[in-house]
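A.B. asks: Hey, can you work out the whole structure from these sequences and the hints?
Listed below, chain by chain, are the residues.
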Amino acid sequence: MRLTIVERRVPASDHVELLLDASGLGRRPEPGQFLHVATGGTLRRPLSFSRVDDGRVGILFRVVGAGTAWLAGRAVGEDLDVMGPLGRGFPPPPPGPLALVGGGVGIPPLFFYAQCWPDASLAVLLGARDREALVMVDDFGARGLHPALCTDDGSFGRRGRVTDLLATWLSAHPHGSVMACGPAPMLHEVARLTTDAHCPAWLGFEQRMGCGVGACLACVVPGAPGAGRTWYRVCTDGPVFAREMLYGEAPP
Amino acid sequence: MIRDVDLTAHIGRIVLQNPVLAASGTFGFGPEYRAHVDMRRLGGIAVKGVAVDSWSGNPPPRVWETPSGLLNSIGLQNPGVRAFIRDDLPFLRELGTVLVVNVIGHTVDEYRRVSECLARESGIAALEVNISCPNIKEGGMQFGHDPDRAFEVVRAVVETAGRPVWVKLSPNTDRVLEVGQAAQSAGAAALTAINTLLGMAIDLDRRRPALGGGSGGLSGPAIRPVGVRVVYEVSRRIPLPVVGMGGIETARDALEYFMAGASAVMVGTATFGRPDAMTRVIDDLPEILRQYGFGSVAEAVGAAHPPAKGEADEH
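Just so you know, the protein sequences line up as chains A and B, in that order.
Numbered per the numbering used here, the first sequence finishes at 1596, counting up by one with no gaps.
Numbered per the numbering used here, the second sequence finishes at 316, counting up by one with no gaps.
Derived by calculation from the structure, the hints in this document are not laboratory data.
Hints may contain errors.
Part of the chain B face toward chain A, derived, beta carbon under 7 Å [said to hold, decoys possible]:
(1) Arg63
(2) Glu111
(3) Phe273
Have a look at the derived ranges for each label pair, beta carbon to beta carbon [unchecked claim]:
(4) Asp1474/A to Phe92/B: 48 to 56 Å
(5) His1542/A to Pro68/B: 43 to 51 Å
(6) Arg1353/A to Arg253/B: 38 to 46 Å
From the three backbone atoms N, C-alpha and C, an ideal C-beta is built for every residue, glycine too.
C.D. replies: Below you can see the structure in the form of structure tokens.
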């Protein structure tokens, strides 16, 4: 299907958010689901939704290679060739306090989550490499959510990792739950911390993807040892996984 | 739409409603694409390679985009033939599309056992013996580079299959003709060509090969001239029907393969970018065939071959 670009934003250097007319989209996306976007090359790029409002859907991405550079060069009025919404998103908020933990380009689907569940009691913990990569902070602020922030280089918020913020939050909220999205090492640490704290967690993964529909078996992540599945497909089994599926019951 | 161009394709005694099949490895085990592709319109479907037991495949990343192409190192992950028969075959049978099951193994005996299991099942038109996957350490391509071993493995499948056996050739050898001839001697009904070309990309950030498996198989438009060359040579020298593939994205690309000697074609990597790639090729074929002076697919097959001796005067 083709969706028209109605607005193009540059939230930070090397980051672009495209807002697309959602009227061609078959169904309303869930936070954590993605669009599989044609980018002029052989493969599409999976990009998770950053927001839905006023009949528009957003995709926010960092320019990292030829595909995202092509996409960043699109202008308002042009159409994108997309498939989706695809994949399994984040579940509704469980009872009790909930932390959204985002790293870098893992932040956008968590903003969409906050948009979808305006009445949830949410803590928002965000981290990135540097100030530039810490996107959507103002969007959370405009919804009355004031994220705890950190950067690897200390250029904004605390110096350190977002998982340091999570460790503090978990010790104060022993009955909390976590929705996390970010790079694999961050999610690995989120899994360890939440397992130790006996708190449920859902993790949104990124992986190099082929078909997007479960056919090519390219975008796999390893399943928990002994849990029956060697691999899960990020495109159709994920991108969001309950922690137990990938890490089992023992701390990784 | 032009209706007077005959798209029927014949691969031995198998009749296809049109000459466009989904290539093995790119179309899953059947149901995955059902929401995105009108599968009943396809000439046929070759499902992903099936082994006697489940294989876990290679570590990710498993795909990497390259100029006009794609490197993959999936490593033939599959659930095993019994799970395939239980979970996927009923859907495929119901679909009624010509079904080709790709067969893989580490040893001749493993290929034979897959063939034996499938022999009891209805709804399968042909087996495609995969002796050309570059992404596994044992089996696969090592059979496809040695005519004697190719003969052995094809013979074992032919003896047990109870249906036509196609053999998928590797382009990563200078012995492709000898391997094709060995497959013919062993009783193959058709040859399919080509599998992917062995390649590698380096991830500059990680200072490592980009793919988890190290090297991978190159597919996509980048390899089309290699596929066309192999199909041309094989179809001229070996009296078996050839199913051509490698970088086909449009009806014009398919026609190139027909003229080179392919009786039908498979489309693979193009489906990732455009799930409707195969149906677009099918829709566009009548016009392209007519534009270049053909009234049917069959007329175009081998049209680029030089005339045989004795025919030369007639042209």
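A.B. asks: Holds or violated: the hint that Glu111/B contacts chain A, with Cβ atoms closer than 7 Å.
C.D. replies: Violated, because the Cβ-Cβ distance from Glu111/B to chain A comes to roughly 19 Å (cut-off 7 Å).
A.B. asks: 38 to 46 Å was suggested as the range; check whether the CB atoms of Arg1353/A and Arg253/B agree with it.
C.D. replies: Holds: the Cβ-Cβ distance is about 40 Å, inside 38 to 46 Å.
A.B. asks: Has the hinted range 48 to 56 Å been met by the Cβ atoms of Asp1474/A and Phe92/B?
C.D. replies: holds, 49 Å
A.B. asks: For His1542/A and Pro68/B, compare the CB-CB distance with the range 43 to 51 Å and indicate the outcome.
C.D. replies: holds, 50 Å
A.B. asks: Per the CB criterion, is Phe273/B less than 7 Å away from chain A?
C.D. replies: holds, 5 Å
A.B. asks: Have a go at the Arg63/B hint: is there a Cβ in chain A nearer than 7 Å to its own Cβ?
C.D. replies: holds, 4 Å
The structure fails to meet hint 2 from the earlier list, while all remaining hints are met.
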